[in-house]
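Protein sequence lines, in the order shown, are assigned to chains A and B. To get this note's numbering, take the position in the first sequence, counting from 1, and add 1. To get this note's numbering, take the position in the second sequence, counting from 1, and add 1420.
Accuracy of the hints is not assured; some may be wrong.
[Claimed, not checked] Now the in silico label distances, taken between C-beta atoms and shown as ranges:
id	chain 1	residue 1	chain 2	residue 2	range
1	B	Asp1447	A	Glu208	18 to 26 Å
2	B	Asp1507	A	Phe218	45 to 53 Å
3	B	Asp1447	A	Thr445	31 to 39 Å
4	A	Arg279	B	Ala1452	47 to 55 Å
5	A	Ala69	B	Asp1447	24 to 32 Å
By construction, these hints were calculated from the structure, which means they are not laboratory data. Ideal placement from N, C-alpha and C gives every residue a C-beta, glycine not left out.
Here's the letter readout for the chains.
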Amino acid sequence: MTDTDLLIAGAGPAGLAAAITAGQLGLRAILVDENAQAGGQYYRQTPLRLGATQKPAGQMRRGAERIARASDVARVRLQASVWGLDDRKRVWIQSAAGSEVLNPRGVVLATGSYDRPIAFPGWTLPGVLTAGGAQALAKGQIVRPGTRAVVAGTGPISLVVAAQLDLVGVKVVELVEASTVPRLALLGPRALPYPSRWRDLPGLLRELARAGVVLTFGSIIRSAHGAERVERACVVRVGRDGRPDESTARLLDVDLVCVGYGFVASTELARIAGCALRWDPGHSQLVPRHDGWQETSVPGIFVAGEATGLGGAEMAEAQGTLAAIGVARRLGRLTERRADALAQPIRRRLRYWKGFASLLAQGFPIPAATSWLVHDDTLVCRCENITYGQVRDIVDAGARVLNDLKMGTRCGMGLCQGRICGALLPPLLADQTDGRFDRTSMFTARPPVGPVSVSGLAST
Amino acid sequence: MRPGGPRSRRDLVTLPTTARAAITRADRGDMAPGKLTVDGQRLTFFEGETIAVAILAEHPVITSKPDRGRATYCGIGVCMECAVTVDGRIARACLTPAVEGMRIGTLYPGRSPEP
Chain A
2 MTDTDLLIAG AGPAGLAAAI TAGQLGLRAI LVDENAQAGG QYYRQTPLRL GATQKPAGQM
62 RRGAERIARA SDVARVRLQA SVWGLDDRKR VWIQSAAGSE VLNPRGVVLA TGSYDRPIAF
122 PGWTLPGVLT AGGAQALAKG QIVRPGTRAV VAGTGPISLV VAAQLDLVGV KVVELVEAST
182 VPRLALLGPR ALPYPSRWRD LPGLLRELAR AGVVLTFGSI IRSAHGAERV ERACVVRVGR
242 DGRPDESTAR LLDVDLVCVG YGFVASTELA RIAGCALRWD PGHSQLVPRH DGWQETSVPG
302 IFVAGEATGL GGAEMAEAQG TLAAIGVARR LGRLTERRAD ALAQPIRRRL RYWKGFASLL
362 AQGFPIPAAT SWLVHDDTLV CRCENITYGQ VRDIVDAGAR VLNDLKMGTR CGMGLCQGRI
422 CGALLPPLLA DQTDGRFDRT SMFTARPPVG PVSVSGLAST
Chain B
1421 MRPGGPRSRR DLVTLPTTAR AAITRADRGD MAPGKLTVDG QRLTFFEGET IAVAILAEHP
1481 VITSKPDRGR ATYCGIGVCM ECAVTVDGRI ARACLTPAVE GMRIGTLYPG RSPEP
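Next comes chain A alone, as it looks inside the complex (with noise of 0.2 Å):
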């Protein structure tokens, strides 16, 4: 077992953060990630081989930077998961070397979150990829997953997955965005404080209208069709009930749909530890408790960037800072008032970005009508192949919260231990059952989290 002060599971935004803080307080740290390479989703980088005929972006070239930062102060370990975290802060890794316990003196989650999945009929169709794995496709491999795409979702980060989409040769036809002109044009004036972040916006809306991509408002996805793979997609204006309004429904000629309702934050190891959680009702979800040093409620744990809900790369950053001064005062290698002196300025830009956060939550709220498209016989299981009618068959007969369904249908044992339908089944549940279902509940999670092999399980 080495000795290790900190051990940071993802090199996203956060963790990088992190890495480099501790290694200016002279601690030594551990970064792990279950990626081949460093920087999460958004300093994700090309391969070096493939990325050698493209010019590398702004953020990737920043990212890049962190990376290499990152690296001459901390230990990086790649392609390694972390499995396993006990209250005592002992850390369970795996990697092809095999499975090792650590036992660091202090533990920084930034983890980072996933899209938010939401289920409409032909959703398991090969075809329909989030905004992330599209992201991860198109600028990470260089591939164009689809021929003719259509991006729907709400936020900012689409127009960014169509862009991305755009430039290695996929025609985008349209963009389907759910946000509404005037709750936007409403929250304008309050963005005008953040210049960094609206001042590509222009530019970026320009590139698409010259790819001629369709931008829509008020609408959303409402199903994808084909026989082996999407060959066709349905999406339909949201009512002034909230609902699809299925007389708008329109298809579209697309082998491609890219999806991206918001994130969930990656709290399975913060929950296993045993942290406490709180509601954060902007983005409805229930994330890790944290103090103004980052620390969770359990001693040495501490939490930084989108596992903490989710505010963007910046917010991360200021968080994973914050976290790394954190462990140092906890480890007392930094006086309290030196450990106030280095926290304040970051504390402050976490104010500005929180702010920004926020706005984005309501300017982008998470569409209650993607609760209205599953039929009886979609899949809301990808992994066990339950459909909404089986689950609702559960819930009528009482079922109340997510750890109810288990029993009834295996709904959440399959291999993605629960992340995609424990994520997309409690607003859908709810949202159907006028609130009889628990909105706030989750799957039980349990170790290990991601795929272990048998033999790893057991060297430890």
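Place chain B on chain A using the hints.
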């Protein structure tokens, strides 16, 4: 492994192939292709590509679940739709770089994707 996973070598039949691959590579310039096998069948890949890209560049699906085939959905290691075995160990095709000579198995083989 859940029931329905590969039980024996005999179950690992070739992936269903249609005229249509799921994805298209951008120009790979003068890169030299590598070789790996999926369910015993040889596939080409380029250095830096994930297993998912190597498979989907020649096939419409990665796994063939009981209902029909599935390809990459989340693309970032969460949904497990692209779970495969690499030299017998479970791996996420979307996260795992392809390596020369890699022996990959699909998890729900033996059924062609049906409408």
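Would you pick out the hints that fail for this structure and give their numbers low to high? Violated: hint 3 alone.
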